[in-house]
Amino acid sequence: MTSRRRFNAARLLAIVRKESFQIVRDPSNLLIAFVLPVVLLFLFAFAVSLDIDEVAVGVVVENQGAASAELGAAFAATRYFDTRFARDRRELEPLVVAGELRGLVVIPQDFDAALERGTPARLQVLTDGAAPNTAGFVANYARGVAEAWWSSQRAEAGVDEERGPSVRVEPRFWYNPELSSRAFIVPGAIAIVMTMIGTMLTALVVAREWERGTMEAIIASPIGIGEFLVGKLAPYFVLGLGATLACALTAEHVLGVPMRGSVFALLALGSAFLVPALGLGLLISAATKNQFVASQLALFSGFLPALLLSGFLFEIESMPLPLQWLTHVVAARYFVESLQTLFLTGDVWSEFARSIAALVAIGGVLFALAARNTRKRLE
Amino acid sequence: MRFQRLVAQIRKEILSVLRDPRTRAVLIGPPLLQLFVFAFAATLEVENVSLAVLDLDGGKWSHELVQRVRATRMAGDVLVVESHDALAEAVDARRVLAAMAFQPDFSRRIEAGLPADVQIVLDGRRGNSAQIALGYLQSIVAELNADLAVLRGGRPPRTIAIDVRHWFNPNLEYLWFTVPSLVGILSMFSALIITALSIARERELGTFEQLLVSPASPLEIIAGKCIPAVVIGTVLGSVMLAAGIFLYRIPFTGSVLLLYAALVVFILSVVGVGLMISSISRTQQQAILGAFSAGVPLVLLSGFATPVENMPPVLQALAQADPLKHFLVIVQGSFLKALPPDVVLETLVPILLIAAVTLTAALFFVRGRLE
Amino acid sequence: MHGEAAIVLDGVAKRFGTTWALSGISARIEPGRLTGIVGPDGAGKTTLMRLMGALLAPTEGRIEVAGRDTVRDAEEIHVLAGYMPQRFGLYEDLTVQENLDLHAKLRGLSAAERERAFAEVLAFTELGPFTGRLAGKLSGGMKQKLGLGCALLARPRVLLLDEPSVGVDPLSRRELWDIVRRLAAEGMTVVWSTSYLDEAERCDDVLLLDEGRIEFAGPPGELRERVAARSFLILDVDDRRRDVLRRALDLPGVRDGVIQGRAVRVVLAGADGGAADAARAAPLAPDGAALAAVDALARAEGGTMRQVAPRFEDAFIDLLGGGPGGRSPLAERMEPVRLDTEIAVSCRHLTKRFGTFTATDDVTFDVRTGEIFGLLGPNGAGKSTTFKMLCGLLRPTSGRAEVAGIDLARAGGDAKQRVGYMAQKFSLYGLLSVRQNLKFFAGIYGIAGALRRRRIDEMVETFELGRFLNSSPNELPLGFKQRLALACALMHRPAVLFLDEPTSGVDPITRREFWMHINGLVRKGVTVLVTTHFMDEAEYCDRVAMIHRARLIALARPDELKAAAASAENPAPTMEDAFIAMIESHAGVEERAA
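Chains as they are written, first to last, in the working numbering: chain W, 1 to 379; chain S, 1 to 371; chain B, 1 to 594.
By construction, these hints were calculated from the structure, which means they are not laboratory data. Keep in mind that a hint or two might mislead.
Only some residues are given here: those of chain B computed to face chain W with a beta carbon under 8 Å [stated by the list, open to error]:
no.: 1; residue: Leu55
no.: 2; residue: Glu75
no.: 3; residue: Tyr83
no.: 4; residue: Pro85
no.: 5; residue: Leu102
no.: 6; residue: Leu106
Each residue gets a CB set at the ideal place from its N, CA and C atoms; glycine is no exception.
Excised from the complex, chain W in its bound form (with noise of 0.2 Å):
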């Protein structure tokens, strides 16, 4: 059919000037491509922090010795903690409950005595499982605390019994050494902000088209339905294209995420991202007509899976094998995974070609269907 036919540069570029001033005519659309994502780059960058600080916490000391004091104020003077003492733990549990505290430390009524006659002293730690994440925090750090309070105490007494730790473990972080949980949240935040603006807004556009009647008009012009497609996209292709220098460019400069690569490589990458997120757009606008249907395939084939199985937030091979396999034909998971290492790195191009040519792939099926759905004519 018309799909054959090769295109004609005069009229691409007139869908594309039309396509443009309509965008730029509507104030919502600026709106979503510029304000929503650094708003949203924003909110990621500080309300999603995996960073332990200030944890609400309570110590519960039930003696009145020398030593139960001492923990005490190691719990206090640590920064993961925000303490809260008490003598009596019937006191706190409450607090727990209403989820006011995260856990208590419980130094017990015979620690002191333990400690004296030399046999293991007995501290507790209690966590509110109901937030699991936190609670494994908690239970970790309560214990790095007390161990340090621990050597620190025999350090002091001169104890010296063994010669240390026979293997010692020397840690190192590369690429993020302080480990900022900003440093790599910032980079999958812009992935997700693109899928949005790539395929929520794409989404809206055809169905739009067939909704004013417009669709007719064209189909009754000489142009084909590829020229069509390419001609309608590609103003969105470059807002997103902008989105993401915006998003960079905030991720740098406000909120102090270097960027160790190229601009060329966040193009090269941004670019190759944009085509399978406008493709589900497109396949998404040429399946319904119905807006709401839309959004909310937008909503499930789109962003829940790029905030969700990118590996943004969430360890994929920690999932259960049926979802990592899933996790391929996300596009959003290689985007994510190739500007955490350009943000944190720099160019690693054998990491970046391996995503470009799955997001390139991905979003030539993508199209491929969505040029299938999308006829020009109107049965």
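With the hints as your guide, set chains S and B onto chain W.
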């Protein structure tokens, strides 16, 4: 008479959403997908991750440590590399989360009773998982050290015993957290989108004028749009609730009645937001994007993804105005914590306040549009 | 190209799902002529247009446009034919010039060709001064002209126009018509589909479609001649004309009847009682019995009967088996409504400004209880704004609008309970089924239980909605959509009925039916306020208010307006002539004043 009119409107709104099979499918599909697919993805546990080992030692003790690491849940594939370059490449290309490097004299130093170092390289790009993995590795090394001490004939070092117990969720099952939270998040999104579309759709298709010339008062029109969203949101919430209790067998220890009361108030507060969006949107497209722009921040600020206390003070203050944040406390507490009624009611107060504010604002917004 | 048809239809049929929209269509459309495609709603007009525009492929048969096959050479046809869809797809957020640019480039015009084409099209359409205006801000008539302009840019050899005059006021309609006439004279083949029969009458040829088949093909005059001796006017029945019409239509042998000012126009059956059919070209004498009966009716009412020249419309209705009867089963069942005031609707110095633009300027009139009051005016003149203020949808900037003494914008439910409203686009809930729509509109007016069931059954029966009860209103043929909208507006038995362009785009037979119901309702005491573009419908009104440039320029009975427009060269002007004369003379006055 008034009652009749209200019932007619409520029926109309519900039918608008549920009559068309495709609309019905997309209303029910995504939540189920969430529940059965994405719920499993939302875990911050670290399991089955790939590791690399550069063993320049090749001796007994390096082998022993690697075996112990392999035996944990944390470790998945273990990639054996031959050089520092290969190790760096594996980390660079994201093939492994962490790599352990042993010096040639590792076993010898241990045999000689000298401290031996194991270098652990972690991928800071996956900082969160890297940190958790490091915790695992450190505790494995600590165990090895204790065993080594015993082996050398010494007593185990005197220490303090730390006894960790996780209340409400002894095995830290992540699903016990995600599924109850989804009750709130999914009912919020459906209520938000349904109300956001309600007025915008009528205006775009011209039926709003029909409604305005009818005897229905603005208050009735608003009520007619709120109630269906509350009903649909509550039903969706109930499905999640039932799935959590019966399918995932998550203990439910609180009061069902109070939870439902809270759910309704919570949805009402969201409905107010949806109506405001709807009244300022000129098209359905704007309404949808508006609902989305409101919904995503509400989820991010709710403490679902990461705890509220990790946020900067400004956002913490803002989070107090997020009804989802308060509702999550109630729903999580009702599942696992047998949340006492007085705490539920106390937490309900801010939600009620937010609902009063958003609904009043919605009334003004919609009234403004009636001009 | 002479001697060769521009479009050849050869045994064309088109099926959608299991229904045949068209079947056995064979015809030739000649080059350089203006061909009209007419027929009632659902006859297949739009499908035929789309088939010729190569937007649809025929299920059977073949179509050649300028020697190209519409299936094989669809692309070539898209290049050499201009097609203007029903709702012309203008991009409302682009300017006039940008819309033209887009279409010029889509058709691959070079820069020089574009300049020439723009100059020409802008001159044709007189849109020159508005090139910078957003298409969405143009009036309905200007939009259609722009749509036509876009279709004309590449100088197509064949121009396909699908109902270009729907929703366009008479003035703009006449302008459109003049443009197209000129194009045809220059040798372009123009196909114009329409449900306006006065337009069909002025075409060179018509194809008359009914239920997917061709009922007539040829010059309109040929069809008109078939009813030559059978059109009559019953004169001097002023106040009883609605009653006379109702009774006349119930007489056997009366094929059609409408109100024309103070008179009633009837078309009688042929002498053998049947319709003229294609086989019989010679006109038939009227049926003797019918003639006698109508004559007797006229005399009994103190009027006289006179034979008049036939119109194409008379023949059209006759060919399609006659118009509807004179009864409105709906109105007959209705208990009379009472409004305790003499004046049902009134406005005083009504003014509405949007920013610096005045949409309604100091308009004052009263609508008496039990009258049909028409609000006429060109597109964008401000009649919609005025209308919306009257029914309380817009708040006036100054002045007052009241219904039965109450301002609806501030009124409570009880006052609104007395008002029925039917919106321009038959605003129905597309996401609900027909039955659910009826239930909703009953419910929103507080009708419940057995009463609701009875009213709904009544509406379903009267408007023959039974087979559509479970479909969406969006899937209904336009005529049924309009019936449903009317049913929804009448469910609660309003005393005052507001109708905003209630018959836009609806075919003549459905319109007649619609007016039968309105006539019936008025007999029961209902007051009707209506806006319309159909000037023949203005004839049904007791009085009409003419709005032009936001002001009320005339308020009179239709006959008075026609009489005022009579001149030496046009002694018996139609309502449309009167309308145009009125607008033009008013414009003249303003220019002189300026």
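Hint-by-hint comparison with the structure:
no.: 1; hint: Leu55; result: 5 Å, holds
no.: 2; hint: Glu75; result: 6 Å, holds
no.: 3; hint: Tyr83; result: 4 Å, holds
no.: 4; hint: Pro85; result: 4 Å, holds
no.: 5; hint: Leu102; result: 5 Å, holds
no.: 6; hint: Leu106; result: 4 Å, holds
Checked against the numbered hints listed earlier, the structure breaks none of them; every hint is satisfied.
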